[in-house]
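J.: Sequence:
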Amino acid sequence: MTTPINSRTKVSSPFIQSVLVTAFSSLIFTPLLYAADAHEHGVATLDAVVEGKLLDIMIITPAANVVGFEHLPETDVQKAEVLQAINRLKRGDEIIQLPNAALCSLKEVEVEQSLLESPHQTEHEHEHEHEHEHEAEHEAEHEAEHEAEHEGEHEGEHADIRVHYQFSCAKPERLSGFTLGLFDQFPMVELVRYQMVGQAGQKGGTLSSATDEISIRE
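Anchor point for the sequence shown: position 128 equals 128 in the numbering used here, and the numbering is continuous, going up by one each time.
Please keep in mind that the hints were generated in silico from the structure rather than gathered at the bench.
What you are looking at is a predicted structure, and each value in this text was computed from that prediction instead of being measured.
Heads up, some of the hints might be wrong.
Ranges between beta-carbon positions, derived for each pair [as the list claims (entries may be wrong)]:
id, residue 1, residue 2, range
1, HIS158, GLN84, 14 to 24 Å
2, ARG174, THR75, 13 to 23 Å
3, THR75, PRO99, 33 to 43 Å
4, GLU94, HIS39, 34 to 44 Å
5, ALA200, ALA170, 41 to 51 Å
6, ARG88, GLU218, 41 to 51 Å
7, GLU190, SER215, 15 to 25 Å
8, GLY68, SER208, 17 to 27 Å
Straight-line alpha carbon distances no greater than 25 Å define the calculated PhoX-like cross-link-like pairs of lysine-lysine that follow [said to hold, decoys possible]:
id, residue 1, residue 2
9, LYS90, LYS107
10, LYS107, LYS53
11, LYS171, LYS90
12, LYS203, LYS79
13, LYS203, LYS53
14, LYS203, LYS171
15, LYS107, LYS171
16, LYS79, LYS90
17, LYS53, LYS79
A virtual CB, placed ideally from N, CA and C, is assigned to each residue, including glycine.
Can you build the whole structure from these sequences, using the hints too?
T.: Below is the structure:
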């Protein structure tokens with residue numbers, strides 16, 4: 001497999017919204033598979049669509065499964081842990097292990113997360129604070145900062161990470177299935193509920209470290 005052409009980290013992704021809304025619109029989610037709470041520690045979901053030479057996969061997991069916490073990073077160490085997790089998720093060839101015979105290459109990786117702000121957002125907020133630092137009393141500023149921090153922590157208590165992978169396979173007829181390497185990379189992921197649409201129709205089930213393979217042809 002080759003190195004991905006595009007690898008981006010986003011808080012919101014128009015690409016995912018446009019491509020996956022179309023690709024995954026054919027999925028009729030089974031109530032038994034998705035009856036559990038959408039946010040469940042130790043559990044992730046995977047949706048896959050095979051169409052022609054393309055394989056699109058969306059993984060959604062609580063941030064706690066990959067970094068161990070869901071609040072905004074409070075230290076440089078925690079920021080580094082988030083960055084490390086994002087970089088590991090971007091290695092799609094390790095997360096989604098495809099048969100060599102299919103000659104697949106990773107074309108697109110997108111990660112949606114809310115634990116780290118973009119440099120633009122951080123700079124804007126800093127300028128905003130500097131602009132108003134002399135317009136309010138110190139006590140009012142302190143109270144506002146405290147409330148903002150509290151609100152940020154509250155919102156970060158339930159943070160999900162979404163990852164989209166797109167593979168292109170030169171020999172899709174050899175694409176018999178794939179192995180999910182998520183369990184090896186992130187041991188806190190214990191169970192993955194999946195649904196897939198392909199030439200054989202729609203199917204779903206659960207994966208674990210002991211049963212980590214999905215068949216596409218069956």
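J.: Evaluate each hint against the coordinates.
T.: Status of the hints after comparison with the structure:
A hinted range of 14 to 24 Å for the beta carbons of HIS158 and GLN84 is consistent with their spacing of about 22 Å. The hint said 13 to 23 Å for the Cβ distance between ARG174 and THR75, and at roughly 47 Å that hint is violated. About 42 Å separates the C-beta atoms of THR75 and PRO99, a value consistent with the hinted range of 33 to 43 Å. Between GLU94 and HIS39 the C-beta distance comes to about 25 Å, which lies outside the given range of 34 to 44 Å.
Distance hint check for ALA200 and ALA170: the Cβ-Cβ separation is about 21 Å, which falls outside the suggested range of 41 to 51 Å. Here the CB-CB span from ARG88 to GLU218 is close to 30 Å, at odds with the stated 41 to 51 Å. Range check, GLU190 to SER215: Cβ separation about 22 Å, and the 15 to 25 Å hint holds. At roughly 20 Å, the beta-carbon separation of GLY68 and SER208 lies within the given 17 to 27 Å, and the hint holds.
Only pairs whose Cα atoms come within 25 Å are accepted, and LYS90 paired with LYS107 is accepted, the gap being roughly 11 Å. The straight-line distance between the Cα atoms of LYS107 and LYS53 is roughly 12 Å, inside the 25 Å bound, and the hint therefore holds. A hinted pair counts as satisfied when its Cα atoms are at most 25 Å apart, and LYS171 with LYS90 qualifies at roughly 23 Å. The suggested pairing of LYS203 with LYS79 is violated, with an alpha-carbon distance near 38 Å, which exceeds 25 Å.
Proposed proximity of LYS203 and LYS53 is supported: the alpha carbons are some 19 Å apart, at most 25 Å. Restraint check for LYS203 and LYS171: the C-alpha separation of about 22 Å stays at or below 25 Å, so the hint holds. Using a Cα cut-off of 25 Å, the hinted pair LYS107 and LYS171 holds, with the two alpha carbons roughly 15 Å apart. With a C-alpha separation of about 17 Å, the suggested pair LYS79 and LYS90 falls inside the 25 Å cut-off, and the hint holds.
Taking the CA atoms of LYS53 and LYS79, the gap is about 37 Å. The hint is violated against a cut of 25 Å.
Comparing the model with each earlier hint shows violations of hints 2, 4, 5, 6, 12 and 17; every other hint is respected.
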